[in-house]
Structure formats: structure tokens, C-alpha cells
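Chains as they are written, first to last, in numbering that gives the first Met the number 0: chain X, 0 to 337; chain P, 0 to 337.
No lab work stands behind these hints, which were simulated from the structure alone. There may be inaccurate statements among the hints.
One copy or two, it doesn't matter: identical chains are merged, so the pair holds either way.
[To be verified] Below are the DSBU-like pairs computed for lysine-lysine, each with C-alpha atoms no more than 30 Å apart in a straight line:
id, residue 1, residue 2
1, Lys184, Lys77
2, Lys271, Lys132
3, Lys76, Lys263
4, Lys86, Lys184
5, Lys114, Lys194
6, Lys184, Lys114
7, Lys18, Lys256
8, Lys194, Lys167
9, Lys184, Lys76
10, Lys18, Lys164
11, Lys267, Lys77
12, Lys168, Lys246
13, Lys77, Lys114
14, Lys197, Lys263
15, Lys246, Lys167
16, Lys76, Lys190
17, Lys36, Lys190
18, Lys263, Lys246
19, Lys168, Lys315
20, Lys86, Lys45
21, Lys319, Lys114
22, Lys36, Lys18
23, Lys184, Lys197
Number of protein chains: 2
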Amino acid sequence: MRIIVDAMGGDNAPIEIVKGCVEAVNEYGIKLLLIGKIDIIQVELKKYNYPLGDIEILDAQDIITNDDEPANAIRRKKDSSMVVGLKALAEGLGDGFISAGSTGALLAGGLFIVKRIPGIDRAALTSVYPTTKGLSLLVDAGANVDCKPEYLSQFGVMGSVYMEKVMKKTNPTVGLVNIGTEEEKGNQLVKEAYKMLKNSNLNFIGNIEGRTIPLGEADVILADGFVGNVILKLTEGMAISIFSHLKEAFMSNTQSKLGAMLLKPKLKEMKKIMDYREIGGAPLLGTRMPIVKAHGSSDSLAFKNGIRQLISFIEKEVIKTITDSLGEQMENQEDIEE
Amino acid sequence: MRIIVDAMGGDNAPIEIVKGCVEAVNEYGIKLLLIGKIDIIQVELKKYNYPLGDIEILDAQDIITNDDEPANAIRRKKDSSMVVGLKALAEGLGDGFISAGSTGALLAGGLFIVKRIPGIDRAALTSVYPTTKGLSLLVDAGANVDCKPEYLSQFGVMGSVYMEKVMKKTNPTVGLVNIGTEEEKGNQLVKEAYKMLKNSNLNFIGNIEGRTIPLGEADVILADGFVGNVILKLTEGMAISIFSHLKEAFMSNTQSKLGAMLLKPKLKEMKKIMDYREIGGAPLLGTRMPIVKAHGSSDSLAFKNGIRQLISFIEKEVIKTITDSLGEQMENQEDIEE
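Given the sequences, and given the hints that come with them, work out the whole structure.
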């Protein structure tokens with residue numbers, strides 16, 4: 000297996016990215032193709048020990064930043080690490096691609112260069128979402144702000160396959176984010192999506208409300224990209240806000256400082272559960288080849304874990320299974336129509 | 000001032016509602032008209048001391064529950080405490096109405112019986128939203144799942160007036176919930192709403208993301224009823240989920256149990272900040288007369304605080320100010336068009 004890496008994407012590139020790559024090669028026994036400024040990457044690589052043939056470099060002198068308008072950047076920055084990397088993926092130089100760079104550009108590039116899976120209308124961003132029960136997958140976390148019902152239904156298929164194959168959930172539950180649990184609730188989009196999902200082969204558990212998302216009610220949390228993005232960011236904001244309240248409470252007097260000291264080990268464990276670094280990356284679902292988005296502020300550990308996710312994404316043949324499932328869905332749909 | 004009270008709405012009606020009413024009469028020196036089963040209410044009232052003429056009862060033998068379909072219930076349950084109360088409000092028997100009963104029915108009844116403010120296309124549910132900075136107001140918290148841009152702009156006017164008059168925020172900031180801060184971000188709805196808000200007299204601070212909502216970035220948090228409802232319920236769910244994680248951490252061993260004991264007073268304070276009972280009620284914005292929705296699980300304290308909110312809603316002439324502001328907005332809009 001060979002994985003293509005955007006060595007220049009993210010806040011800590013290339014230092015932490017290269018470090019994470021070396022750790023992944025040593026730990027997982029895979030081969031990597033690093034894309035980026037060859038001179039800088041070589042300097043970084045010299046710091047470490049690894050089987051020399053296992054990491055190669057493909058030079059790309061430009062970088063797409065978060066300030067670039069995504070679609071424009073993909074069209075114009077032809078020598079950027081992201082474009083060169085995605086082209087290498089499309090041309091078969093590797094089995095998957097990972098980047099901690101601009102999410103929008105990765106999505107645009109995935110669509111323009113790698114193309115969509117036949118039968119999938121839109122590619123979705125996902126986010127691995129920590130709940131009190133474990134990990135769920137939020138689809139779409141921000142790619143498609145104006146959705147049609149069939150997109151949501153397709154997101155359901157893709158999310159379900161990913162949760163089953165990569166996250167090892169048997170028969171994952173799929174929930175549709177809505178403002179009430181009853182079938183007739185919601186806006187036009189979710190009402191129609193509900194009908195499609197009900198008639199699908201998915202383990203559809205119906206509508207889920209904001210209140211039960213963090214409690215892990217569904218393994219796959221379905222929403223359009225607007226609602227999904229609000230969910231993702233509000234979850235982050237709530238965690239920040241509550242922990243800042245806690246910190247203030249802990250530091251307010253000697254008694255509470257002592258209490259906080261005693262609780263420190265447990266609070267650390269708790270923060271770890273919610274830590275993006277342990278999760279690594281979020282798959283982009285809907286492109287013909289596996290692509291993983293690593294967190295923008297990834298350090299080497301987070302990036303290594305992102306590569307681990309990508310390895311599963313490839314090994315478990317997620318994309319083939321999605322294609323097969325779509326075929327079944329369509330047959331199923333035809334049966335109903337007949 | 001006379002306030003009309005749905006004495007039969009909510010999980011703890013009529014016992015806690017009546018108790019809260021008596022406390023409000025004694026504390027705020029107002030008059031109340033309680034609507035509901037007269038015999039039961041009389042039994043409850045006999046438990047307390049209060050100036051006898053200050054609480055009157057209007058009999059209504061039926062009750063609208065959360066299981067009733069809202070619009071149907073308003074049409075058919077003509078002898079319900081909610082319908083009788085709203086009719087009394089429309090007929091001028093009181094200055095405002097409060098209910099802890101079905102939110103949907105209160106909204107439907109408000110629209111059908113009390114009617115909308117001229118110039119307002121839709122009434123909105125609101126929610127007083129606790130942030131790290133204080134209290135914000137979320138509009139719309141769930142009434143209008145399919146919105147037009149002008150509704151959002153009108154919600155902005157109403158929310159802004161309420162925050163200024165009742166919540167005493169000078170020149171309250173108005174933020175539009177979106178997936179990014181840049182003007183061109185988002186779905187069709189918010190892109191158009193952005194333009195309207197930018198040209199308004201409001202203190203519009205632009206788009207706000209999910210991440211900064213709990214940090215109190217905007218005093219008025221604008222969203223369509225679908226997104227607003229997800230925000231409201233997810234916020235609740237995140238608080239529940241994090242506190243359940245904390246509780247588990249605190250109880251896990253002797254050391255952490257001791258730490259938790261030392262922190263208890265501070266954690267209690269923190270929970271109080273986030274407690275709906277202290278806030279009381281959420282105004283319904285857009286009807287011709289003031290209506291407040293008290294939390295369904297209100298106890299007497301929460302209900303009394305809800306009445307306190309309604310008193311400000313009435314005293315500060317929120318509805319008159321909204322009507323005046325709408326006039327100014329329209330003149331302003333015409334100036335731009337000329």
C-alpha cells in the first residue's frame with residue numbers, strides 16, 4: 000500500500016507532518032509519497048530513522064492556504080502540494096491521499112481531480128464525533144449547504160458503510176437530524192429525506208434531535224452541510240465554554256484549587272476522549288479514491304492517527320462497498336416502484 | 000397591570016403554577032387572571048396568603064397536552080385553558096399571557112387568536128441563551144422551519160428590541176448563524192438575509208459560527224427555526240453529556256470523590272448559571288400582545304421568574320417599539336431603493 004501525503008498542509012507543516020509520516024511508516028509498515036517542497040522535506044526527513052525506500056518525495060513548490068478561495072486555488076495553483084498530490088492519486092500513484100490543508104480546497108480538488116463515485120451526486124465532508132457512547136460519524140459536516148433529499152440519502156449509505164467497515168460498528172444506526180422525532184416534523188428537505196431513508200436498506204432509526212446527538216443516539220448523524228457545520232462547531236464551542244466555566248470555578252479559591260488538583264488525572268482522561276488528536280482524521284466521502292482530511296492543527300500524533308484511518312479506509316474497501324450498496328439501493332427502489 | 004395565566008399548562012400544573020402565581024402577586028404587586036379548572040385552582044389557592052382581590056379565576060375545563068396536534072387543538076379545544084386564556088388576552092382582559100403548556104399550541108394560538116403585529120410576516124419562538132458572557136436571545140428557536148430572508152431580518156428587529164428593553168443591553172449586537180464569517184458564505188437563505196441585515200439599522204455584526212455562540216459573540220442569535228432548534232437542543236445535550244462525563248470522573252475513585260466534594264459549592268454556582276429556572280421564560284415575538292412561554296418543567300420559582308419577564312415585556316412597551324422600528328426600517332429601505 001502506498002499513501003500520498005500533502006506534506007505542506009496544516010498549521011504545523013511540514014515539521015509535524017513529516018514526523019507523523021515517519022512514525023506511521025515505522026509503525027504500520029506502509030509506503031508513503033510525500034508531496035511538497037523537496038529541499039525542506041529532505042531536511043526534515045534526515046532527522047529520523049526509517050526504511051529508506053519507504054518514503055519518496057514528489058516536488059511541488061506552491062502551497063494552498065486557508066486564505067485562498069478553494070475552487071480558484073485548485074484551478075490556478077497547479078504546482079501546489081494539494082493539486083500535485085490529488086493528481087498523483089487520480090493517476091494511480093497511490094491508494095489514498097491525506098492532507099491537513101484547506102478543507103474547502105481538498106473538497107473542491109477531490110471533486111475536480113479525483114471525481115465522484117458514479118451514483119453519488121455530492122461528496123460530503125464528515126467528522127468523527129465523540130459521544131458519551133463512543134464515536135459517531137457526522138455527515139455532512141459542511142460541504143453542501145443547499146441539499147436535495149437524495150443527497151442526504153446517499154450520505155446515509157456512505158456514512159453507514161464507513162462506520163461499519165472502518166469504525167467496526169455492526170449494522171450502524173442512521174439518524175436524521177430534525178427538530179422533533181415524529182415523521183411529519185421538520186422542513187421540506189428532511190421530510191422528503193425521511194421517506195427515502197425509510198425505504199432504504201439502512202438501519203434508519205428515524206429523526207434525532209440536537210439533545211441526543213452528544214449522547215450517541217445514532218452512529219451516523221445525517222444533516223445537510225449547513226446544519227452539520229453548525230452542529231460540529233457548536234459542539235466544539237460548548238466544550239470550550241463549559242471547560243472555561245470549570246477552570247474559573249476551579250481557580251476561584253483555595254478549597255476549589257485543592258479539589259481541582261485531586262481531580263486532575265480524571266479530567267485529563269476526560270479531555271483525551273474529546274481530543275481530535277486521538278481520532279486523527281475525517282474521511283471525505285463520495286470521491287472515487289479514499290481521501291482523509293486531517294485536522295488543521297494536527298501534530299505528529301494526530302497526523303499519524305489520520306494515516307491509520309486512511310489505511311483502514313483503503314484496506315476495508317469502503318468505496319467498493321459504497322458502490323455495491325448503491326446498486327442494491329437502486330434495485331430496492333425499483334422494486335418499490337414496480 | 001393584569002396578567003393572564005394558563006394555570007393548567009406544563010408538567011407541574013396546576014400545583015407549582017399556582018404557587019408561582021401567588022409568589023408573583025406577593026412579590027411584584029400585580030393582578031392575575033388564572034385560567035383553568037376552577038375547582039382545582041381554588042383548592043390550590045386556599046393553601047396560600049395573598050391580597051384576595053389580586054387573583055381571579057376564569058373557568059376552562061379542557062387542557063391542551065403535548066400529544067395534541069397544535070393547530071387542531073387550538074381550533075377544537077375551545078374550552079381549554081390555553082384557548083380561553085388567549086381569547087381573554089385578545090379581548091383585552093389582561094396585558095399579557097404566560098403558559099408552560101405546549102409550545103406549538105401556544106404559537107398556533109398566538110397567531111390565530113391574538114394575531115401578528117402588522118409588518119411582521121411570522122412570529123418566532125425565542126430562547127434566552129446563557130453564554131460565558133451573560134444572556135443572549137436565540138431567534139427563531141423552532142417556530143419557522145422554512146424561512147424567507149425577510150423573516151430573519153424581522154426576527155433581528157424583534158430580538159434586538161427585546162434585548163434592549165427587557166434584558167437591558169445597550170445597542171445589542173445581532174449575529175447571523177452561518178458556516179463561516181465571510182459575507183459570501185452559507186446557503187441561499189442566509190446570503191440574502193445577510194444583505195438585508197447589513198442595510199438595516201440594527202447593530203449587525205455579521206455572520207457568527209457555531210463555535211462562538213456559547214461564548215456570547217452576539218446578543219441576538221439569528222437563525223431559521225430549524226437551525227435554531229438544533230442549536231437550542233444541542234446546547235442542552237452537550238451540557239448534559241459533559242456533566243455526565245464529569246460525574247463519572249468524579250465518582251471513579253476516592254481521590255476524585257474528595258476533589259469533587261471540595262468543588263461542590265463552585266459547581267453548584269456554575270449549574271445555576273445554566274439553569275432555566277433562573278431565567279424563567281422565553282418571549283414569543285411577533286404577536287400583537289405580549290406572550291411568554293415558560294419551560295414545560297417549570298416549578299414555582301421558574302414560573303414566577305417567567306411572570307417577571309412578562310412584566311418587563313409589558314412595561315417596556317416592547318411591541319410598540321417593534322412597530323416603530325419596523326416603520327423606520329421600511330423608511331430606511333425606501334431611502335436605499337431611491
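These are the hints, each one checked on the structure:
1. Lys184 - Lys77: between (47 Å within a copy, 25 Å between copies)
2. Lys271 - Lys132: Both ways: Lys271 and Lys132 sit 15 Å apart in one copy and 27 Å across, limit 30 Å.
3. Lys76 - Lys263: Neither. Shortest intra-copy (47 Å) and inter-copy (56 Å) distances fail the 30 Å Cα cut-off.
4. Lys86 - Lys184: Close across copies (28 Å), not inside one copy (44 Å); limit 30 Å.
5. Lys114 - Lys194: within (28 Å within a copy, 34 Å between copies)
6. Lys184 - Lys114: between (35 Å within a copy, 24 Å between copies)
7. Lys18 - Lys256: neither (37 Å within a copy, 40 Å between copies)
8. Lys194 - Lys167: Within. Shortest intra-copy distance 27 Å satisfies the 30 Å Cα cut-off; inter-copy 46 Å does not.
9. Lys184 - Lys76: Answer is between; shortest inter-copy Cα gap is 22 Å, intra-copy 45 Å.
10. Lys18 - Lys164: within (28 Å within a copy, 56 Å between copies)
11. Lys267 - Lys77: neither (43 Å within a copy, 57 Å between copies)
12. Lys168 - Lys246: Answer is between: at 27 Å across copies they meet the 30 Å cutoff, but 35 Å inside does not.
13. Lys77 - Lys114: within (17 Å within a copy, 59 Å between copies)
14. Lys197 - Lys263: neither (46 Å within a copy, 46 Å between copies)
15. Lys246 - Lys167: Answer is between: at 28 Å across copies they meet the 30 Å cutoff, but 36 Å inside does not.
16. Lys76 - Lys190: Answer is between: at 28 Å across copies they meet the 30 Å cutoff, but 41 Å inside does not.
17. Lys36 - Lys190: Answer is neither; intra-copy 49 Å and inter-copy 38 Å both fail.
18. Lys263 - Lys246: both (11 Å within a copy, 14 Å between copies)
19. Lys168 - Lys315: within (13 Å within a copy, 55 Å between copies)
20. Lys86 - Lys45: within (27 Å within a copy, 81 Å between copies)
21. Lys319 - Lys114: within (15 Å within a copy, 56 Å between copies)
22. Lys36 - Lys18: within (15 Å within a copy, 73 Å between copies)
23. Lys184 - Lys197: Within one copy only: 14 Å inside a chain, 32 Å across chains, cut-off 30 Å.
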